[in-house]
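J.: Keeping their order, the protein sequence lines are chains D and F.
Numbered according to the UniProt record's numbering, the first sequence terminates at residue 409, and the numbering increases by one at each position without gaps.
Numbered according to the UniProt record's numbering, the second sequence terminates at residue 351, and the numbering increases by one at each position without gaps.
Treat the hints loosely; a few may be bogus.
[Claimed, not checked] Partial chain D-side listing against chain F, Cβ under 7 Å, derived:
| # | residue |
| --- | --- |
| 1 | Gly44 |
| 2 | Asn48 |
| 3 | Val112 |
| 4 | Arg116 |
| 5 | Phe124 |
| 6 | Asn132 |
| 7 | Ser133 |
| 8 | Trp173 |
| 9 | Pro306 |
| 10 | Asn308 |
| 11 | Leu357 |
[Stated by the list, open to error] Quick list of the computed label-pair ranges, beta carbon to beta carbon:
| # | chain 1 | residue 1 | chain 2 | residue 2 | range |
| --- | --- | --- | --- | --- | --- |
| 12 | F | Glu301 | D | Trp125 | 49 to 59 Å |
| 13 | F | Phe69 | D | Arg372 | 51 to 61 Å |
| 14 | D | Val350 | F | Pro72 | 23 to 33 Å |
| 15 | F | Phe69 | D | Trp344 | 56 to 66 Å |
| 16 | D | Met237 | F | Pro66 | 54 to 64 Å |
| 17 | D | Phe41 | F | Pro72 | 16 to 26 Å |
| 18 | D | Thr283 | F | Glu301 | 47 to 57 Å |
| 19 | F | Lys91 | D | Leu20 | 33 to 43 Å |
| 20 | D | Asp339 | F | Lys91 | 11 to 21 Å |
| 21 | D | Phe41 | F | Asp187 | 56 to 66 Å |
| 22 | F | Ala263 | D | Val277 | 39 to 49 Å |
| 23 | F | Ala263 | D | Ala129 | 17 to 27 Å |
No lab work stands behind these hints, which were simulated from the structure alone.
On a predicted model such as this, the values are computed, not experimentally measured, just so you know.
The beta carbon of each residue, even a glycine, is placed where N, CA and C say it ideally should be.
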Amino acid sequence: MANHAHPAPAPLGGPFITPLAVNLALLIGIAGIILFLRFLFGIGAVTNVNDGYSWGIWVVYDVMVGSAFACGGYSVALLVYIFNKGEYHPLVRPALLGSLFGYTLAGASVIVDLGRYWNTWHIFWPGYAQVNSVMFEVAVCITLYIVVMWIEFSPVFLEKFGLKQIRRRLSRWMFLFIALGALLPSMHQSSLGSLLVVFGTAINPLWQTLLLPVLFLMTAITVGYAVVVFESTFSAMGFKRPYELDILSRLSKVMWGMLLAYLAVRVGDLVVRGAIVEAFRPTVVALMFWLEMLFFLLPAWLLAKPANRRRPNILFLSAVYLMLGTFLLRINGFLVGYDTGAGWRYFPSVPEMLVTLGIIAIEILGYIVLVRWLPVLPKHEAKARSLSDLTPLARRPAAGCSARRRGAP
Amino acid sequence: MSLDRRQFLKGMLAGSASAVACTPTRVEARGNLTMPPKAMGLLFDSTLCIGCKACVAACKEANGLPPEFTKPDDVWDTPLDISGKTKNIIKVYRHGSGLTKDAEVDGYAFMKHSCLHCVDPSCVSACPVSAMRKDPVDGIVSYDEKACIGCRYCVVACPFSVPKFEYDKALPKIVKCELCRHLKPGDAFQYPACAQVCPTGATLYGPVADLKAEAQRRLALKPGSEAEFPRGRIGMAPGDKTADATTWASPSQKASFADSHVARVPHYLQRIYGDKELGGTQVLKLSAVPMAKLGMPELPERSFASVSETMQHSLYGYLITPAIVLGGLIIAARRNVRPEEDEAGQAQENE
Chain D
1 MANHAHPAPA
11 PLGGPFITPL
21 AVNLALLIGI
31 AGIILFLRFL
41 FGIGAVTNVN
51 DGYSWGIWVV
61 YDVMVGSAFA
71 CGGYSVALLV
81 YIFNKGEYHP
91 LVRPALLGSL
101 FGYTLAGASV
111 IVDLGRYWNT
121 WHIFWPGYAQ
131 VNSVMFEVAV
141 CITLYIVVMW
151 IEFSPVFLEK
161 FGLKQIRRRL
171 SRWMFLFIAL
181 GALLPSMHQS
191 SLGSLLVVFG
201 TAINPLWQTL
211 LLPVLFLMTA
221 ITVGYAVVVF
231 ESTFSAMGFK
241 RPYELDILSR
251 LSKVMWGMLL
261 AYLAVRVGDL
271 VVRGAIVEAF
281 RPTVVALMFW
291 LEMLFFLLPA
301 WLLAKPANRR
311 RPNILFLSAV
321 YLMLGTFLLR
331 INGFLVGYDT
341 GAGWRYFPSV
351 PEMLVTLGII
361 AIEILGYIVL
371 VRWLPVLPKH
381 EAKARSLSDL
391 TPLARRPAAG
401 CSARRRGAP
Chain F
1 MSLDRRQFLK
11 GMLAGSASAV
21 ACTPTRVEAR
31 GNLTMPPKAM
41 GLLFDSTLCI
51 GCKACVAACK
61 EANGLPPEFT
71 KPDDVWDTPL
81 DISGKTKNII
91 KVYRHGSGLT
101 KDAEVDGYAF
111 MKHSCLHCVD
121 PSCVSACPVS
131 AMRKDPVDGI
141 VSYDEKACIG
151 CRYCVVACPF
161 SVPKFEYDKA
171 LPKIVKCELC
181 RHLKPGDAFQ
191 YPACAQVCPT
201 GATLYGPVAD
211 LKAEAQRRLA
221 LKPGSEAEFP
231 RGRIGMAPGD
241 KTADATTWAS
251 PSQKASFADS
261 HVARVPHYLQ
271 RIYGDKELGG
281 TQVLKLSAVP
291 MAKLGMPELP
301 ERSFASVSET
311 MQHSLYGYLI
321 TPAIVLGGLI
331 IAARRNVRPE
341 EDEAGQAQEN
351 E
């Protein structure tokens, strides 16, 4: 198991200015203009947040969901380095790059939602720092993890600039950063759930539980794998690269196992606490709960059949469902299941959503630019099959795929 | 192959250690905080309130808050709720014909909404930068804009929806009642403005122990009889903001109030709101109409802050659990990450 011969990562090359890149840049520009207005006239000028729902999508999507979707690097690193599943090694770099972007942006985008952003450093400053606050733990942990991830990813830059000496010295200590990179997300992804505990009875019992940290952590790890499947599919389509069916199909089994474990904990908790009765009330909240559960139950059902795990369209669909479920768990916990008193309403405004879209655009554009420029994705020969060649691949034997992976002449 | 299995099991061990670390099993329970020794507060008696809103106007004056217009003609300060411009408001409950004061059916009643100065406040527990603090002596929950980062965790966490935010400002701050702690001798107001101007004593200022004793006295009065009701403040020498509860004569001794009036005793509900809620608040409330109808939430006796902090401390107390998990992860990572492996790609290329 120790020696897995994988193709070396190499820059993809290709044009930087494409119609897609131009459109993404346009979205980023629009978000920039809106943020300019926000800093000039206040958060209320461009968003719909109010005293009833003071946290909108800039917190709940950009940070809570955004950082969960950035767990690909964490989830794959757990598998490869902690559980010693070396066969997933080719996924590490691309997953880490996605995480690097997701987390750095989740961290940076907090600033635009902070009313008194110029004081942000207080969180890390003795005398101001308040260690009983769940937010303190989340902020410190996420910041540390972003630093750790840049260090984990630095060999890519060092390779690019030919700094072999530093790279070799760093690689001797890399295991420490990899261990930290496995610890820190376990801490803050669970704490993102713990944030809700102090809300008390304002949160519907369907989401208010002492198992919140466990639920948020389990979905973060699971969705990490889903995001890897999602990104690989787009990478295969967008860059006309071979679809890593063999490795992704095995990854989907891990994802499925995590998902079943999550469902057991989630449903068990609801039944034990008796909160499940809330799900049978004729309310929008109950409807949203079932929608959330549906997005977890569907992939659990789809991936149960081993044959389905070898069908890229099913894999992709399951990944999307899992991402939607993870999204809804957070949206439901922080917004839908949050009863702040009669009369308050919140739905994001168009400018508010455009800022979030702009942040997503930065992530996609940054990813494209960096995989073209830096050695991130495993090198493949031009002859390798593209996703479109694989369309009727439901019944393709596994051996063919692994042979392809190694058989580069 | 056997080595691989052992490594895998080690990894499993580290993994399950992280799972255990994230399960709140070890509970070093942090109980509710207790009432500070010289806690100051308010007693609001809904039955005495006539809805004149003098307290709303005085609060704005004492705190330098701007008027808030909610009608198209902009001629009157008409706040609809506490907000970034309003720290204190009187709201009315109405039912049916709305003719009888303090009647749940076909009646109306008033409720004051402002910070309750919880004994164990969620906002203080939530704030990551100590901008929300509870004074260890008088228990006032204060806000420090110099520390605040504007994350609004206090706004979303408060069970009474008290802290508010200035959404319309480029350089905003949190706004909440701080029990007029900024007043200095010689100011127009000597103690919390809402209590000082209240014409009926519906809002009363004083040490919480005295306020509670006064509330208990009222609940023991015979409905329909006549009784004396103090105005302004009780239980302290003038100018002394942190008087000891014992300096005031027993509440059962009538006619000991500096300023008072006689009124007919209403049909109180036998409940002091704020006595038990979330471990108690320093603002106590009485009424003849159920508190839930007046917009006061039903809350458990255990504070949400204590639940949250117990969880955080059992997971991260002295960083013991993270250190143990990190140890396991380092062992696993050291075995599974080989420097060569990282450069395998290059080696292959050179072949």
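J.: With 39 to 49 Å as the target window, see if Ala263(F) and Val277(D) comply at their CB atoms.
T.: holds (46 Å)
J.: Range first: 17 to 27 Å. Now tell me if the beta carbons of Ala263(F) and Ala129(D) are that far apart.
T.: Cβ of Ala263(F) to Cβ of Ala129(D): about 51 Å, so the range 17 to 27 Å is violated.
J.: If you check the beta carbons of Phe41(D) and Pro72(F), does the distance land in 16 to 26 Å?
T.: Holds - the Cβ-Cβ distance for Phe41(D) and Pro72(F), about 22 Å, lies within 16 to 26 Å.
J.: Range hint 54 to 64 Å: satisfied by the CB atoms of Met237(D) and Pro66(F)?
T.: holds (56 Å)
J.: Does the Cβ distance between Phe69(F) and Arg372(D) fall inside 51 to 61 Å?
T.: holds (55 Å)
J.: Would the hint on Asn308(D) stand, with a C-beta cut-off of 7 Å toward chain F?
T.: violated (26 Å)
J.: Quick check on a hinted range of 49 to 59 Å for Glu301(F) and Trp125(D), using CB atoms only.
T.: violated (35 Å)
J.: Just to be careful: measuring from the Cβ of Asn132(D) to every Cβ in chain F, is the smallest value less than 7 Å?
T.: holds (5 Å)
J.: Hint check: is the beta carbon of Trp173(D) less than 7 Å from a beta carbon of chain F?
T.: violated (9 Å)
J.: With a cut-off of 7 Å, does the beta carbon of Phe124(D) approach a beta carbon of chain F closely enough for the hint to hold?
T.: violated (10 Å)
J.: Does the Cβ distance between Thr283(D) and Glu301(F) fall inside 47 to 57 Å?
T.: Check failed, 27 Å falls outside 47 to 57 Å.
J.: Let me know if the C-beta of Ser133(D) comes in closer than 7 Å to any C-beta of chain F, holds or violated.
T.: Holds. Min distance 4 Å.
Consistency with the previously given hints fails for numbers 2, 3, 5, 8, 9, 10, 11, 12, 15, 18, 19, 21 and 23, ordered from lowest to highest.
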